[in-house]
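K.L.:
Listed here are the chains, written in short residue letters.
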Amino acid sequence: MKGILLQTDYHRGLPPGKFESRNSKSETPGFGFRTSDLGFPVFGLWLCGKLVPLLFLGLAVTGFCQGGSAARLPLALNIPAHESLTGTAGDYVTVHCDVSNRGNAALTDVTTYLSLVDNANRMPVDLEDWSAERGLFIGTIEPGQTFPLDWKIHFVKAGDYSLIVVATGSGSELPETSQIVRFRVNPKRNLEAAKVLPVALGEPVLLIFLMALVVFFRNRRIAA
Amino acid sequence: MIRHIWRKDLQSELYTWKGTVWLLIAALLFSFTSYLLLTDKELSLLDQTELLWLLAKIIIATAMLIVTIDASSIATAEFEKGTAESLFLAPMTLSDFILGKLLASLTLWVLVFVVATPYIIVASSGTHLAGFFLGYVALFGTLGVLGLLCVTLALSLLYRSSRNTLTTSLVVLLFLTIPALFGSSLKNSGAVAGFSRINPIDSIFSALDNVLVDYQVRLSANLRFLSPVVGFVVVGILFLLVAARVFRRRGIAGEMR
Chain A
0 MKGILLQTDY HRGLPPGKFE SRNSKSETPG FGFRTSDLGF PVFGLWLCGK LVPLLFLGLA
60 VTGFCQGGSA ARLPLALNIP AHESLTGTAG DYVTVHCDVS NRGNAALTDV TTYLSLVDNA
120 NRMPVDLEDW SAERGLFIGT IEPGQTFPLD WKIHFVKAGD YSLIVVATGS GSELPETSQI
180 VRFRVNPKRN LEAAKVLPVA LGEPVLLIFL MALVVFFRNR RIAA
Chain B
0 MIRHIWRKDL QSELYTWKGT VWLLIAALLF SFTSYLLLTD KELSLLDQTE LLWLLAKIII
60 ATAMLIVTID ASSIATAEFE KGTAESLFLA PMTLSDFILG KLLASLTLWV LVFVVATPYI
120 IVASSGTHLA GFFLGYVALF GTLGVLGLLC VTLALSLLYR SSRNTLTTSL VVLLFLTIPA
180 LFGSSLKNSG AVAGFSRINP IDSIFSALDN VLVDYQVRLS ANLRFLSPVV GFVVVGILFL
240 LVAARVFRRR GIAGEMR
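Residue numbers (numbering that gives the first Met the number 0), protein chains in the order written: chain A, 0 to 223; chain B, 0 to 256.
Derived by calculation from the structure, the hints in this document are not laboratory data.
A hint or two may mislead.
[As the list claims (entries may be wrong)] Computed footprint of chain A on chain B; a stretch qualifies when at least three of its residues, placed anywhere within it, have a C-beta under 8 Å from a C-beta of chain A:
hint	region
1	148-154
2	192-203
3	244-250
[As the list claims (entries may be wrong)] Below, in silico cross-link-like pairs of lysine to aspartate or glutamate (DMTMM-like), each with a Cα-Cα straight-line distance of 25 Å or less:
hint	chain 1	residue 1	chain 2	residue 2
4	B	K56	B	E79
5	A	K151	A	E191
6	B	K40	A	D128
7	B	K56	B	D46
8	A	K194	A	E175
9	A	K156	A	D108
10	A	K156	B	D46
11	A	K194	B	D46
12	A	K156	B	E79
13	A	K194	A	E172
14	B	K40	A	E141
15	B	K56	A	D97
16	A	K194	B	E49
17	A	K194	A	E127
18	B	K7	B	D213
19	B	K186	B	D69
20	B	K40	A	D108
21	A	K156	B	E49
Think of the CB as a built atom: it goes at the ideal place given N, C-alpha and C, for glycine as much as any other residue.
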């Protein structure tokens with residue numbers, strides 16, 4: 000597996016065994032120009048509006064759209080079922096995922112992302128504190144090759160979570176996803192509740208009782 | 000006579016709701032802290048040693064606040080109620096009066112420490128740090144409280160007013176607490192670093208950090224933190240001696256100029 004990594008990393012100009020980390024925020028696609036700058040005549044727009052869909056339909060029928068954006072990538076993302084992610088808040092765990100190219104052609108610009116959802120709040124989790132790397136750039140995957148990916152994540156907060164790995168690549172706008180892995184982060188208990196709680200609850204009550212006793216005896220002595 | 004003053008103040012402290020309610024407040028604060036350390040999700044990420052350090056800081060800070068408030072009125076109440084004159088008519092020196100009041104206020108610290116002891120023991124369970132925790136809180140707490148008591152009693156002799164003494168004592172306490180609120184990166188910068196090094200309260204907190212978090216339990220490893228606290232006690236005693244001299248010169252019925 001190291002040989003595969005070396006070959007691909009060599010082509011990407013990266014040091015062996017290193018993936019390029021990519022921030023998801025910088026992945027927003029941009030066209031680089033505004034529609035107001037086009038300056039097409041109204042007639043041209045009308046013509047394009049009518050002709051382009053017809054042309055697109057024609058190409059699709061003749062099979063020219065087979066490698067288009069709607070086609071799915073032959074990528075398989077697998078998080079091994081035997082890997083249990085359950086742990087305690089504060090733990091560091093490694094999420095392992097195998098990314099395989101099951102197609103007949105090489106896949107380029109393959110990038111993988113980690114996505115985490117807080118099940119109780121039904122909200123995506125900001126991975127800033129959870130993982131140093133939100134995305135891992137793989138680059139090219141030859142047919143039949145499999146990349147093992149390891150994400151080190153920090154269990155920041157207790158709760159129930161769902162994890163998924165997403166991969167994108169050239170040749171399709173549709174991302175491929177792994178299966179959903181559900182896991183639980185247990186709260187960290189540094190102090191023993193069985194010892195702390197009796198003191199925390201009992202001592203104030205005991206003090207109130209002692210205070211009442213002292214004042215009672217004082218009043219009794221004054222009355223005598 | 001010192002014993003007489005001490006017993007009289009202790010009886011007035013312990014035989015009233017007002018006096019003993021401080022201990023209840025301390026216990027409630029420690030209970031609340033322990034409960035938070037046990038249940039809060041963010042705090043639960045801390046290591047147990049860091050939780051102990053947090054608890055130690057709260058115990059010291061609570062004790063200092065309670066003792067300062069109590070000591071602000073323990074001597075000045077005699078002047079405000081007019082009982083000081085009758086006290087000094089008895090064969091009693093000013094030193095007896097001051098030492099008696101000092102002992103009574105120190106006893107309140109001892110009582111707060113006794114209240115805190117069960118919390119310290121249960122929180123340190125499983126760390127083998129309970130003995131060091133108790134010992135260092137007792138040592139540094141007693142020295143810190145003693146220094147603060149000397150300053151407060153000196154102010155009492157100078158002001159002879161509970162309100163002024165309390166306000167000034169609290170300002171002194173707040174001033175001493177400020178560096179402890181700074182982050183470690185800020186403490187490394189010039190002026191703050193210097194002030195932090197000589198600050199007694201910051202030194203107490205750093206010593207407890209050294210013992211509880213870094214496991215530097217030997218006394219020799221904490222001498223650098225002990226010296227500013229001892230220095231504070233010496234300064235407090237000197238200030239008290241000066242205040243006593245000023246008090247003697249003015250007389251019992253003297254007004255502050």
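K.L.:
State for each hint whether it applies.
P.N.:
Right, here's what the structure says about each hint:
no.	hint	in the structure
1	148-154	violated (count 0)
2	192-203	violated (count 0)
3	244-250	violated (count 0)
4	K56(B) <-> E79(B)	violated (34 Å)
5	K151(A) <-> E191(A)	violated (29 Å)
6	K40(B) <-> D128(A)	holds (15 Å)
7	K56(B) <-> D46(B)	holds (16 Å)
8	K194(A) <-> E175(A)	violated (50 Å)
9	K156(A) <-> D108(A)	violated (33 Å)
10	K156(A) <-> D46(B)	holds (15 Å)
11	K194(A) <-> D46(B)	holds (17 Å)
12	K156(A) <-> E79(B)	violated (55 Å)
13	K194(A) <-> E172(A)	violated (57 Å)
14	K40(B) <-> E141(A)	violated (45 Å)
15	K56(B) <-> D97(A)	violated (49 Å)
16	K194(A) <-> E49(B)	holds (18 Å)
17	K194(A) <-> E127(A)	violated (36 Å)
18	K7(B) <-> D213(B)	violated (43 Å)
19	K186(B) <-> D69(B)	violated (32 Å)
20	K40(B) <-> D108(A)	violated (40 Å)
21	K156(A) <-> E49(B)	holds (18 Å)
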